[in-house]
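2 protein chains.
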Amino acid sequence: MLNIRYEKTATPKELPAKNDPLKFGTIFTDHMFVMDYETVKGWHDARIIPYQPISLDPSAMVFHYGQEMFEGLKAYKTEDGRVLLFRPNKNIERANNTNRRICIPEIPEEDFLQAIKEVVKTDEAWIPTKPGTSLYIRPFIIATDPFLGVRPSDTYKFIIILSPVGAYYPEGLDPVKIWIEDEYVRAVKGGIGEAKTGANYVASLKSQVKAHEEGYSQVLWLDGVNRKYIEEVGAMNIFFKIDGKIVTPVLNGSILPGVTRDSVICLCKEWGLPVEERKIDIAEIKKAYEDGTLEEVFGSGTAAVISPVGQLRWEDTIMQVRDGGIGEYSQKLYDTITGIQLGKEKDILGWTVEV
Amino acid sequence: MLNIRYEKTATPKELPAKNDPLKFGTIFTDHMFVMDYETVKGWHDARIIPYQPISLDPSAMVFHYGQEMFEGLKAYKTEDGRVLLFRPNKNIERANNTNRRICIPEIPEEDFLQAIKEVVKTDEAWIPTKPGTSLYIRPFIIATDPFLGVRPSDTYKFIIILSPVGAYYPEGLDPVKIWIEDEYVRAVKGGIGEAKTGANYVASLKSQVKAHEEGYSQVLWLDGVNRKYIEEVGAMNIFFKIDGKIVTPVLNGSILPGVTRDSVICLCKEWGLPVEERKIDIAEIKKAYEDGTLEEVFGSGTAAVISPVGQLRWEDTIMQVRDGGIGEYSQKLYDTITGIQLGKEKDILGWTVEV
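Protein sequences, first through last, are from chains A and B.
The opening position of the first sequence corresponds to residue 3 in the numbering used here, with each subsequent residue numbered one higher.
The opening position of the second sequence corresponds to residue 3 in the numbering used here, with each subsequent residue numbered one higher.
Do not rely on the hints blindly, as some may be mistaken.
Not everything, but these chain A residues come out facing chain B in the computed CB check (under 7 Å) [unchecked claim]: (1) L175; (2) V178; (3) I194; (4) G200.
The calculated PhoX-like cross-link candidates involving lysine-lysine, where the alpha carbons are at most 20 Å apart (straight line), are [claimed, not checked]: (5) B:K191 x A:K208; (6) A:K191 x B:K212; (7) A:K348 x A:K79; (8) B:K123 x A:K191; (9) A:K281 x A:K230; (10) B:K191 x A:K191; (11) B:K230 x A:K191; (12) A:K179 x A:K132.
Reference listing, derived: stretches of chain A covered by chain B, where coverage requires no fewer than 3 residues with Cβ under 8 Å from a Cβ of chain B [as the list claims (entries may be wrong)]: (13) 4-15; (14) 51-60; (15) 100-108.
To be clear, the hints were calculated from the coordinates, so they are not data collected in a lab.
From a predicted model like this one, the values you see are computed outputs, not experimental measurements.
We treat Cβ as the ideally placed atom computed from N, Cα and C, and that holds for glycine.
Work out the full structure: start from the sequences and follow the hints.
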């Protein structure tokens, strides 16, 4: 149990206007949670303080050797005024998996959850209520030793910032176009692809820029060894509905184990739909497309929840999925998950946690 | 040509004592170079200011998505009082290769060199003079947009800090023990292994910790696809002398193109020694060891210049190279390169640049 020190802001910011589109990740609330780590003291000095700049020595390790991790989850305001988190323990468990992989000291799960709850409670007034909006929660840890040698840092900062975010699809679900990358690689088995750390995102930038120039909004990665097995979409995991079955790449060590991915699998099984987690050769997708058995393609992630995919491009092949329309299960999964998140659907799987 | 603004420190620090061991990367000089980037203005506001903390919004992209790069080179004080840089244009060229790979705007080569020269000149008094010491120069760039979306940043800071460093081997060259990693992978073809960015270093930490626990000082990486071709040692490139020939892994896109690596190759060719840059199967090294044709193993890097390798461990095989002693070429390369760096040896290849 953390003993959190509070320092409330003396100059609260104005809340965003009701009709503000709340562009993702650009507006931040009045407070932040901060906790420090030193080898001798462990994690200490938990505090909720006014949102403010971080001041670090120019030699701080995070600027040089990328020892940093983050998580992303959301808080929702229900119609009857409760504040719900969606499966926060899955994020916390994954955070500590990331920490172990990149040599950052773990944070006790109950302390992590307490920190999230307390800072969300502090800035509860910032949770937007328009349909599709939510309060995005960004916990992250950075290595702060002022030292240019390469080794795990002895000091860290754990910070949680909050950002009210608008509906990902203000006009309702909107299918995206996806570029299948055949030149660059995001991660490889034995590497850190399953950790939520900056390294995997910086590795994706060049390909993302190329895809945007070609008119595609996201990149689908293939594996780094055989360059043919489907991995993930950087910001999302990917699902295919082929001949009545839901198929998704198995967690192989180089893809991120998404919380929404897990939720999709649980719900599909709940609904009696066959789900296969396995290796998927991109040639299999092309064949299913040509056979007419590729019934749906969609991505899953915290930001958009479910993203129907309307087009896939692999080398010179353009696969138009469902003529660009939204699939039955894409819509049903989106409605069910957002329904649970907002407290409108019955939470039969016990996923929500009240703040 | 940069128009550099100067703000000299009002409170100069005390210079390190003559007998200070100058532990690598822990002591910093009085000043730093800083330059900002914005999409509209480009690189601007070049300045040399007192060494001071960097203040960034908690949402600054460098804390989340790893968009950061660095370089490392050294300045030396010659016996007749000149200040020499060693092949700075190779570092600058590599810096811009890194920039292109991770979508950071390039810095004109002449501006980059001017910035290094000016900041070194400003803190010239900090260049140590004891044998083996030097002034380590650390240029780096960080992404500073206060934005949680994943894309290349629109704003950056380019910073150069300086650190007087002691002799890597105060008692003379000292062979190291190296662990050949067979579980984790540093980088893969198509990834960012040839870029000097934090991602490659954070990926190496866990293996480094494991090797240290086993009594090994460094990790030798194998390729991520076949898990058998030799890549590099994280902080160094690697060379083998087998049956009279110098052999080193070819630059394949996943290893760092070291400046000292290139210098070693140039000198060996100058001396008429056959040099092969090619794929090297770890099994070939084991066979050469068993045959008695593995004559020398050494690493090359800016920090240690040349590191003789006394032992290699691959799975259960321990290869004792030269009974742990220093090879003829390891010593000769070390003496020649450090001789050129310090202005004692004739600089026949035109490698040094006077500040």
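Restraint status (C-alpha distance of K123 (chain B) to K191 (chain A) at most 20 Å): Since the Cα atoms of K123 (chain B) and K191 (chain A) sit roughly 46 Å apart, the hinted pair is violated (cutoff 20 Å).
CA of K281 (chain A) to CA of K230 (chain A), is that 20 Å or under? Holds: K281 (chain A) and K230 (chain A) sit about 10 Å apart, inside 20 Å.
Less than 7 Å between beta-carbons is the criterion; does I194 (chain A) satisfy it with respect to chain B? Hint on I194 (chain A): holds, closest Cβ of chain B at ~5 Å, below 7 Å.
Is the Cα-Cα distance between K191 (chain A) and K212 (chain B) 20 Å or less? Roughly 18 Å separates the two Cα atoms, so the pair holds.
Do at least three Cβ atoms from the stretch 100-108 of chain A come closer than 8 Å to Cβ atoms of chain B? holds (count 3)
Given G200 (chain A) was flagged as interface, is its beta-carbon under 7 Å from a beta-carbon of chain B? Constraint on G200 (chain A) satisfied, holds at 3 Å.
Would the hint linking K191 (chain B) and K191 (chain A) be met if the CA-CA limit is 20 Å? holds, 13 Å
Hey, does the V178 (chain A) contact hint survive, CB to chain B under 7 Å? This interface hint is violated because 15 Å lies over the 7 Å limit.
Restraint check for K191 (chain B) with K208 (chain A), where alpha carbons must lie at most 20 Å apart: It holds: about 15 Å lies between the C-alpha atoms, which stays within 20 Å.
If you draw a straight line from the CA of K230 (chain B) to the CA of K191 (chain A), is it 20 Å or shorter? holds, 14 Å
Using C-beta distances, would you say chain B covers the stretch 4-15 of chain A, given that this needs three or more residues below 8 Å? It is violated: at least three residues are needed, and the stretch 4-15 of chain A offers just 0 whose Cβ sits closer than 8 Å to chain B.
Straight-line alpha-carbon gap K348 (chain A) to K79 (chain A), limit 20 Å: Holds, at roughly 16 Å.
This entry does not satisfy hints 1, 2, 8, 12 and 13, going by the numbered hints stated previously.
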